[in-house]
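Novice: Please construct the entire structure, taking both the sequences and the accompanying hints into account.
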Amino acid sequence: MGIELIFKIAAIGILVSVLNQLLIRSGREEQAMLTTLAGLIVVLLMIVKEISNLFDTVKTMFRL
Amino acid sequence: MEILQVVGLGLVATIISIVLKSQRPEISIQISIITGVIIFALVAANLSAVLKLLEGIANKVDIDLVYVTTIIKIIGIAYISEFGAEVCRDAGESAIAAKIEFAGKILIIVMAAPIILALLNLLVEILP
Chain A
9 MGIELIFKIA AIGILVSVLN QLLIRSGREE QAMLTTLAGL IVVLLMIVKE ISNLFDTVKT
69 MFRL
Chain B
536 MEILQVVGLG LVATIISIVL KSQRPEISIQ ISIITGVIIF ALVAANLSAV LKLLEGIANK
596 VDIDLVYVTT IIKIIGIAYI SEFGAEVCRD AGESAIAAKI EFAGKILIIV MAAPIILALL
656 NLLVEILP
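Just so you know, the sequences run in chain order A and B. The first sequence runs contiguously to residue 72 in the working numbering. The second sequence runs contiguously to residue 663 in the working numbering.
Hints are supplied without guarantee of correctness; some may be wrong.
Unchecked claim - The calculated EDC-like cross-link candidates involving lysine to aspartate or glutamate, where the alpha carbons are at most 20 angstroms apart (straight line), are:
1. B:K608 <-> A:D64
2. A:K67 <-> B:E617
3. A:K57 <-> B:E561
4. A:K67 <-> B:E636
5. A:K57 <-> A:E12
6. B:K587 <-> B:D597
7. B:K556 <-> B:E628
8. B:K608 <-> B:E590
9. A:K67 <-> B:E590
10. B:K556 <-> B:E621
11. B:K640 <-> B:E660
12. A:K16 <-> B:E561
13. A:K16 <-> A:D64
14. B:K587 <-> A:D64
As the list claims (entries may be wrong) - Computed far set for chain B versus chain A, every beta-carbon distance over 10 angstroms:
15. E537
16. L539
17. V542
18. E561
19. L577
20. G591
21. V596
22. D597
23. A638
24. K640
25. I650
26. L655
27. L658
28. V659
What the hints contain is simulated information worked out from the structure, not anything from laboratory work. A virtual CB, placed ideally from N, CA and C, is assigned to each residue, including glycine.
Specialist: Below you can see the structure in the form of structure tokens.
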């Protein structure tokens, strides 16, 4: 929880963009699109988990 | 000193978000969302202490607890709707941000309605 989460997401983002360029240069546009989607889904899963934690905290704290 | 942690985290996340903005704009938006969540987690403990202080003062001054909990709920609604609206505006979707703020205002008015009615009844009784 904290800075390493940001670095994890940044690493995934950079990795996906590098892979994307690599695959596009080698002529496989579909794989490039798939790796982009895969990276996006992985990051999205992590984000959704953290956002649900935030909503639970706010719900208990503000008694919503 | 939490404030140093918060500012450091914010700056690092902003730089990383800028790096990724050209290649992968969707990941840079998610980095700004996650930074908001982490900063809220850092200050959550202090925030709950402030809210308990507010309740303590209200009990001491013998204000009806319903009003204080309503105020705390309104603060919560305002915070969450502002959080969502700013993230959407940051992503360039100012129309969605305006809709979120609109919904937040409506919910706050609904939450504040009983207090307003109680105030009006009080006024009617006082005025001859």
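Novice: All hints are to be evaluated individually against the structure, with a verdict given for each.
Specialist: Verification of the supplied hints:
1. B:K608 <-> A:D64: Roughly 14 angstroms separates the two Cα atoms, so the pair holds.
2. A:K67 <-> B:E617: holds, 15 angstroms
3. A:K57 <-> B:E561: holds, 17 angstroms
4. A:K67 <-> B:E636: Answer holds: K67 (chain A) to E636 (chain B) is near 19 angstroms, not above 20 angstroms.
5. A:K57 <-> A:E12: At roughly 15 angstroms apart (the allowed maximum being 20 angstroms), E12 (chain A) and K57 (chain A) satisfy the hint.
6. B:K587 <-> B:D597: The hint holds at about 15 angstroms.
7. B:K556 <-> B:E628: holds, 16 angstroms
8. B:K608 <-> B:E590: Holds, because 13 angstroms separates the two Cα atoms, which is no more than 20 angstroms.
9. A:K67 <-> B:E590: Holds, at roughly 17 angstroms.
10. B:K556 <-> B:E621: holds, 17 angstroms
11. B:K640 <-> B:E660: The hint is violated at about 30 angstroms.
12. A:K16 <-> B:E561: Satisfied, since the Cα-Cα distance of roughly 15 angstroms is no more than 20 angstroms.
13. A:K16 <-> A:D64: violated, 23 angstroms
14. B:K587 <-> A:D64: Between K587 (chain B) and D64 (chain A) the Cα gap is close to 18 angstroms, so the pair holds against 20 angstroms.
15. E537: Holds: least Cβ distance 12 angstroms, greater than 10 angstroms.
16. L539: About 13 angstroms separates L539 (chain B) from the closest Cβ of chain A, which puts it past 10 angstroms; holds.
17. V542: holds, 13 angstroms
18. E561: Not fine: 6 angstroms to the nearest Cβ puts E561 (chain B) too close to chain A.
19. L577: violated, 8 angstroms
20. G591: holds, 16 angstroms
21. V596: V596 (chain B) clear of chain A: closest Cβ-Cβ about 20 angstroms, beyond 10 angstroms.
22. D597: D597 (chain B) is indeed farther than 10 angstroms from all Cβ atoms of chain A, at 20 angstroms.
23. A638: About 14 angstroms separates A638 (chain B) from the closest Cβ of chain A, which puts it past 10 angstroms; holds.
24. K640: holds, 16 angstroms
25. I650: holds, 16 angstroms
26. L655: The claim stands: L655 (chain B) keeps its Cβ more than 10 angstroms from every Cβ of chain A (closest is about 25 angstroms).
27. L658: holds, 28 angstroms
28. V659: Non-interface label on V659 (chain B) holds, nearest chain A Cβ at 30 angstroms vs cutoff 10 angstroms.
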